[in-house]
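Asks: In case you want the letters, here they are:
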Amino acid sequence: MRPLTELETKTFFEKLAKYIGRNITHLIDRGDETYCFRLHRDRVYYVSESVMRKATSVGRDQLISLGICFGKFTKTGKFRMHVTCLDYIAQYAKHKVWIKPNGEMPFLYGNHVVKAHIGRVTEDTPEHQGVIVYSMTDVPLGFGVTARSTSDTRKMEPTAIVVFHQADIGEYLRQEDTLF
Amino acid sequence: MAGRPTSKKATAKAPQAVAPKNNKRKVAAPIEASSKKVKVAAGTSKTSGKAKNGKAAAKSSKNAVEDSEDDDESWAYGAVSESESDVGELDDEFVSAEEGSDIEVGALDDDFLGDEFADSGDDVKGSGTAMFDSDDEDGKGDDDVEGEAEEDIFASDSEDSDDDDMETKSRKLDAAKKAEAEEAEAELQTNIMLENDKYVLPEDDHEILQSTDLQVVQARIQEIVRVLNNFREMREGNRSRNDYISQLLKDLCLYYGYNEYLMEKLFYIFPVSEAIEFFEANEVPRPVTIRTNTLKTRRRELAQALINRGVNLDPIGKWSKVGLQVFDSPVPIGATPEYLAGHYMLQAASSFLPVMALAPQEHERILDMASAPGGKSTYIAALLKNTGMVFANDANKDRTKSLVANIHRLGVKNAVVCNYDGREFPGVIGGFDRVLLDAPCSGTGVISKDASVKTNKSEQDFQMLSQLQKELVLSAIDSVDAGSKTGGYIVYSTCSVTVDENEDVVNYALKKRPNVKLVSTGLDFGKEGFTRYREKVFHPSISFTRRYYPHMHNMDGFYVAKFKKISNKIPKKNEDNADLDEEEEFTPITENSGRRSRGGKKNTGSESNPEEPEKIAFNADEDEELIKVSQAKLLRAQKGIKLRPKKST
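Those protein sequences? They're chains B and G, same order as listed.
Quick note: the first sequence, position 156, residue 156 per full-length UniProt numbering, numbers continuous.
Quick note: the second sequence, position 523, residue 523 per full-length UniProt numbering, numbers continuous.
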């Protein structure tokens, strides 16, 4: 467990900014408690400082996880967001997509979101923007990247893909072995 | 005399035929009773929509799901339909009457029913059937009205709901039903009473082997139980109780498929007929229960969301505010979007108990020693409301994956997951406010879930497990900080019913750590732990611990004990390790040997303690003499200095 290096921080924040933009500051400067990002076995954990201090007494090999895992660095040095961070990024998300009940299950099985399933979209979402996918009852289901901007979406066919799938909460079941 | 045995056999047949039925009823009874209680509890959460219950009952479940406006009704639907089926179990004939009546309700006008219902709710107080009354007695006024009102629907439906007649008719129906039940009971009774002859035990093994037909075995079990329940009069000749019991054990092994060692272990925990109920209950699956994750949602909202998916559910009981019992579901309950979003956790009712006993307070630091797959850990975190921190430990690395998954899914943000052997605590980190130890166990309480326990547990396994449990409970106790302002508690639990793994372990902990005492678990139901069992006698405070049985509480067999740590020092023992008065922190596995050798060293070393001179200083004369002698010794040891012989001094 160690703090992130400068390069890692840069890669990580660039990725994170795709979803929550400047709201990253809210993650770092919190009113209640000091929180920090820590790297442990290529994974980035977001955890309060008090918990982190206690966790230092656990050996490196025995420490499995602490706080919330945001994602991991791949072998090529890129950062990959995991669905586990959904709680936090949903809280600060800038652009959102709501999908209809009939689109929930296809998305939770790892499919892209087609236009027919879209219930609502945040206005002015540009192309290739990270978005959080919600169900109509405002339950965050996952996140993805828009294929088109909101205005372009209007002209598309119902079967066309609007949001590329990146992560969904179905992964808790599908990828339990590889995710953690 | 030749004729006598045959007649004996003929009469013996009769109770055999009746007895199984009787037995079934007995088994069903506790389950029904418990689910009925649930119903009444369900009533409390209904406030506005209660007048529409009748409507909901009439609807098919599909209808209920179709209309999202009907949330309230469909919520009620679960409750009403269930109590119907309860009645059905109790009395077959009554069901047919009710089924007919259901259809009629369907035909009725909704508004009309609603009105009538509202009226009856007020009027009908005290009219409910015996069945509901018994449950309601301990309930509050609110429940009373509702419980009876629900029942009222059934009774009144049979005629086209004349407001005035309804009450009297329902009373009549109830009376008739009661009388019938009594009659049936009486019939059974007389049959048995008439049948007062003695049951002959099969003589040789040959005969036993021949009768592998399960029905014969079952009949024999019934007979022997009957004899054992009234041994003085029913025994045959001068056969001892042991003869009967050994035969019974053999038959039970054969009938239920246990190995003999385990059968004997379990059999002696209960009185004879209760033991049979226990084995019978182990063949029936427990209800599926879920726990609302209060970090993300509330029970009411969750119930609504699941009912919209067509799930039939009810609150679990009065004792839990977060539990829901699922009766049936058209969708896999472990893969709904709500499940994936972390709104609930699939968790057995029994595993709520240790956490409720632990009663974590906000801002505490809590250790869960054997936590995978995280049902209890996440419950603790939910009670902490994500404040403080939870150390979730598990010794099995593979199982930590599901633990981490569940912790993240349920949105627990203050957890640390580690993979230690529990016995390494508090070496890793100690000073916790509370510790939960849900010890690895033989699983004799969850045989209905995993029947392999029946055959694969041997004496060695039990010895190994209870050894491990004893070590774990000591390290759990040592990991707690007694000086904690809010805490200082340890909860020990197992999903096993055997005494070796429960009372024996707790008793051992009390003996080895006099700085802890047992306190009430805070759970208002469950049986008290044994203070004595067969040849063993335990500490009287073990009656504070609680046992749960599948046949009694309709949840897995379970055991919960709660300790309070009084001080961090382990007080003096009066026996061989009396010299031990400092606090110790080492793994208990080497405890006895380690303690003694350490203590021994201390003992020899303590003679030249810095405290010693002080004591001696009181006696100045002696002191001077001693000093002189030692100085002389010192001088003598040095080269080149010659001392005169003693005369000079």
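Note that these hints are calculated values from the structure, not bench results.
Heads up, the beta-carbon is just placed ideally off N, CA and C, and yes, glycines get one too.
Among the hints, erroneous ones may be present.
[As the list claims (entries may be wrong)] Taking CB as the label site, the calculated pair distances span:
{"#": "1", "chain 1": "G", "residue 1": "S448", "chain 2": "B", "residue 2": "D152", "range": "36 to 44 Å"}
{"#": "2", "chain 1": "G", "residue 1": "D461", "chain 2": "B", "residue 2": "E14", "range": "52 to 60 Å"}
{"#": "3", "chain 1": "G", "residue 1": "T387", "chain 2": "B", "residue 2": "S57", "range": "18 to 26 Å"}
{"#": "4", "chain 1": "G", "residue 1": "K628", "chain 2": "B", "residue 2": "G59", "range": "52 to 60 Å"}
Asks: Could you check the hint for me, namely that G:D461 and B:E14 are 52 to 60 Å apart, CB to CB?
Replies: holds (55 Å)
Asks: Is the hinted range of 18 to 26 Å satisfied by the C-beta distance from G:T387 to B:S57?
Replies: holds (20 Å)
Asks: Determine whether the Cβ-Cβ distance between G:K628 and B:G59 falls within the hinted range of 52 to 60 Å.
Replies: holds (57 Å)
Asks: Quick one: are G:S448 and B:D152 within 36 to 44 Å, going by C-beta?
Replies: violated (57 Å)
The structure is inconsistent with hint 1 alone, although it conforms to all the rest.
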